[in-house]
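*Asks:* Here are the chains, one letter per residue:
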Amino acid sequence: MIEFDHVHKRFGEHVVIDDLSLRVEDGEFFVLVGPSGSGKSTLLRTVNRLVHIDAGSVRIDGTDVATQDVETLRRGIGYAIQSVGLFPHRTVGENIATVPRLLGWSRADIDARVQELLVLLKLDEPGIADRYPDTLSGGQQQRVGVARALAARPRIVLMDEPFGALDPVTRESLQASLKSIQRDTATTILFVTHDMDEAFGLGHRVALMLDGTVAQVGTPLELIRHPVNERVREFVGGSRARLRELAVRRVRDSMRQGEVADGDAVEGGASLQDALGAMLTQGRDRLPVHEGGQPAGAILLADLVASRG
Amino acid sequence: MKAIAAPLLLVALLLVLPHSAPWFHAWMPTLSHPLYARTSFLALTLSHLWLVALATLVAVAVGLTLGVLATRPAGRSLLPTVRAIAVIGQTFPPVAVLAIAVPLLGFGAAPTLLALALYGVLPVLGQTVAGLDNVSPAALHAADGMGYGRWRKLWDVELPLAAGPIMAGVRLSAIVGVGTATIGSAVGATTLGSPIVEGLVGNNTAYVVQGALLVGALALSIDGLLGSVERRIRRNRR
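Protein chains in written order, with the numbering used here: chain A, 3 to 311; chain B, 126 to 363.
A few of these clues could be false.
Here are the simulated lysine-lysine pairs, DSBU-like style, with alpha carbons at most 35 angstroms apart [what the hints assert, rightly or not]:
1) Lys124(A) to Lys278(B)
2) Lys124(A) to Lys181(A)
3) Lys181(A) to Lys278(B)
Some, not all, of what chain A presents toward chain B, calculated at C-beta under 8 angstroms [said to hold, decoys possible]:
4) Val101
5) Arg155
6) Gln275
Please keep in mind that the hints were generated in silico from the structure rather than gathered at the bench. Source: prediction; values computed, not measured. The C-beta atom is built at its ideal place from N, Cα and C for all residues, glycine as well.
When you get a sec, could you build the whole thing from the sequences and use the hints?
*Replies:* Put into structure tokens, the structure is as follows:
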């Protein structure tokens, strides 16, 4: 659990974080989203004390981070950044092993963990562990960056726009990897992005930050359906908010059980956006839904247009 | 291949020069002693090399230490001063350093060593500061975020990533040293400058040629060897 308690931070005259309080639960995928200069990266860095706050406190499981030894604190928290920051003179394997090595793990434990992470992050080209970062693609480098952040099995991982510099296809593939890793390990992830679609796609809860404060915090659907004010509505997407909603909701929650339809089936776990795409592609207004390969019902275009739940 | 060409030339010169009296006699028939024989060429070369190695070692120790200190947060304010001192050291002509050092340290190798070491500091210092300043900010930020301590970060991340430029400074320092060491013979140090100085004083061009050939070959050898070390270091440290 991470608690921000009346946090203030200013750079000179400029107030970057203005009396901000927020609570991130254990095992939560929590996204800070907002425009440039909203203070989201600064807030993230107060957790591992790369930024020192002027007032208030940041607590992890009730302990103020300011009272902990800074190196011990940082070694216990995963950290991944947009520019990746891999060490160019170290191989992929050595880069991933950075924090375990700082923590003094045994050679055997480190090797085993590196192998495990290479598989987990789909870095499965033979010999990749012995290559140097500049021989990798941008997407592979960021996979190594994420593997490095996860290496010592931290309970909390901080990620600062880690996929911001990647092309859309690579980004989606990494988002999917991260989402499933988070689900399987129940790691608490605090994730910063300025991309609203990324925020809604990844976060259990999302905090929209504007001018150093939290404008609204809630699940993606709460922000889409019940923006607290005009500015939030604007950032959530105005008329495009409904499209975002389709991306957030699952087919199985809107399907008509037991009904049948013609056409290629969509999976129950797919998003309504995927279903809409399939309807457009197939030129149909209703499609069959499968759960684990078995027919389970049908999804109707009319329900997508009409439904708000 | 390039790296071993110069050392091969040096070895060949050391083997051939002691037997080259007839050639120099044929070239300059008026000279009664066409071959420098006071000390063997091998002994001169080793003594020269030893002096340069010792001076470069001192220069690296001083330059690296100052460069590291001047790039720490606490030492940043010292950087202009450190640079200024090093530049002043460089603008002093070597002969002037020798002239000042001789009354203090006497004749021989000691004043030469002092002059060479002073001369060698600036390239090492300059390259250390430049190398450390150019380490990828993203790598440093990541290192901080993952919990590196200040000195461990210096040792594990900063110095390895700055090693290429630092090695270039070491190479430059050694090359300047090989050239400058010849002047040391003017104050009694035994170097490859001995035949050159004696040749100039005694109007014996053959001595000058013999000394100059060996100094040239030695400088090229060291440049080639240290250059190949530098390239190896730089390979994976972009």
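*Asks:* Is the Cα-Cα distance between Lys124(A) and Lys278(B) 35 angstroms or less?
*Replies:* 29 angstroms, holds
*Asks:* When the nearest CB of chain B is found for Gln275(A), is that gap smaller than 8 angstroms?
*Replies:* 34 angstroms, violated
*Asks:* Grab the minimum C-beta distance from Val101(A) to chain B and call the hint holds if it beats 8 angstroms, violated otherwise.
*Replies:* 5 angstroms, holds
*Asks:* Measure nothing beyond the straight line between the CA atoms of Lys181(A) and Lys278(B); if it is 35 angstroms or shorter, mark the hint as holding.
*Replies:* 32 angstroms, holds
*Asks:* Keeping to a limit of 35 angstroms between CA atoms, is the pair of Lys124(A) and Lys181(A) held or broken?
*Replies:* Holds - the C-alpha atoms of Lys181(A) and Lys124(A) are around 14 angstroms apart, at most 35 angstroms.
*Asks:* Classify the hint on Arg155(A) as holds or violated, based on whether any CB of chain B lies nearer than 8 angstroms to its CB.
*Replies:* At about 14 angstroms, which exceeds the 8 angstroms cut-off, the nearest Cβ of chain B leaves the hint on Arg155(A) violated.
The structure shown violates the earlier hints numbered 5, 6.
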